[in-house]
Amino acid sequence: MSDETQNPLRDAIQDAIRSNDVILFMKGTPEQPMCGFSARTAGALQALEVPFAAVDILPDPRIRQELSALSNWPTIPQLFVSGELVGGCDIVMEMYESGELAELLGAEQPEGEPAPAEAAQAAPLSIENRLG
Amino acid sequence: MTTGIATKEELKARIEAEIPGASAEVRGDDGHHFEAVVTAPAFAGLPRIAQHRLVYDVFDGELGGRIHALALQTKAE
Numbered sequence: 008m009s010d011e012t013q014n015p016l017r018d019a020i021q022d023a024i025r026s027n028d029v030i031l032f033m034k035g036t037p038e039q040p041m042c043g044f045s046a047r048t049a050g051a052l053q054a055l056e057v058p059f060a061a062v063d064i065l066p067d068p069r070i071r072q073e074l075s076a077l078s079n080w081p082t083i084p085q086l087f088v089s090g091e092l093v094g095g096c097d098i099v100m101e102m103y104e105s106g107e108l109a110e111l112l113g114a115e116q117p118e119g120e121p122a123p124a125e126a127a128q129a130a131p132l133s134i135e136n137r138l139g
Numbered sequence: 003m004t005t006g007i008a009t010k011e012e013l014k015a016r017i018e019a020e021i022p023g024a025s026a027e028v029r030g031d032d033g034h035h036f037e038a039v040v041t042a043p044a045f046a047g048l049p050r051i052a053q054h055r056l057v058y059d060v061f062d063g064e065l066g067g068r069i070h071a072l073a074l075q076t077k078a079e
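Going line by line, the protein sequences match chains V and S.
Residues 8 to 139 in the numbering used here are what the first sequence lists, from first letter to last.
Residues 3 to 79 in the numbering used here are what the second sequence lists, from first letter to last.
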């Protein structure tokens, strides 16, 4: 536990998770995702029109390392809602398709629309990489 | 067993050996990207995230490395 005081990056990640109701750690940005899994996950959030914060983990490999250590989750993307890890692409897409994600986020499920292949529009609120 | 190119047969065998009562269908032939559907009574009552963690735990440290991607679907039965 003594390493926690000497780990500003981990503290910054924890703080970002705590202070954003919906936050997605991804490769690239919602506007320019760098990985298909990240693109689909961001696209699901955008289809539900919920504001979310996004953190690009690519600029510094330590972000991913610290994030995975914190969340005990090995892969990217990772979606957190109200400080809790919801899951990665598989879980988020499964929840999107079943309507559970809309319910969790208090959003309205788009009618009869299949999951978006990629981001259709910019998120209403997007955060730059505040951990860099 | 955990070195060299990963195969769907290896992944299936390891999942079924480590998770009690599990049966796994694994697809993927490129040695890096796999898709698995895992059914196990051990998943009953667990949130999805915990179900997926049980499977990830089988490949501790190998995901993102030797096994580049493992798309997962889990079911209690």
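Don't read these hints as lab results, they were simulated from the structure.
Just so you know, even glycine gets a beta-carbon here, dropped at the ideal spot from N, CA and C.
Hints are supplied without guarantee of correctness; some may be wrong.
Which residues of chain V face chain S? A few of them, derived with a C-beta cut under 10 angstroms, are [stated by the list, open to error]:
| hint | residue |
| --- | --- |
| 1 | Phe44 |
| 2 | Leu55 |
| 3 | Glu56 |
| 4 | Arg71 |
| 5 | Leu77 |
| 6 | Trp80 |
| 7 | Ser89 |
| 8 | Gly90 |
| 9 | Leu92 |
Results of checking the hints against the structure:
{"no.": "1", "hint": "Phe44", "in the structure": "8 angstroms, holds"}
{"no.": "2", "hint": "Leu55", "in the structure": "18 angstroms, violated"}
{"no.": "3", "hint": "Glu56", "in the structure": "23 angstroms, violated"}
{"no.": "4", "hint": "Arg71", "in the structure": "9 angstroms, holds"}
{"no.": "5", "hint": "Leu77", "in the structure": "14 angstroms, violated"}
{"no.": "6", "hint": "Trp80", "in the structure": "7 angstroms, holds"}
{"no.": "7", "hint": "Ser89", "in the structure": "14 angstroms, violated"}
{"no.": "8", "hint": "Gly90", "in the structure": "14 angstroms, violated"}
{"no.": "9", "hint": "Leu92", "in the structure": "6 angstroms, holds"}
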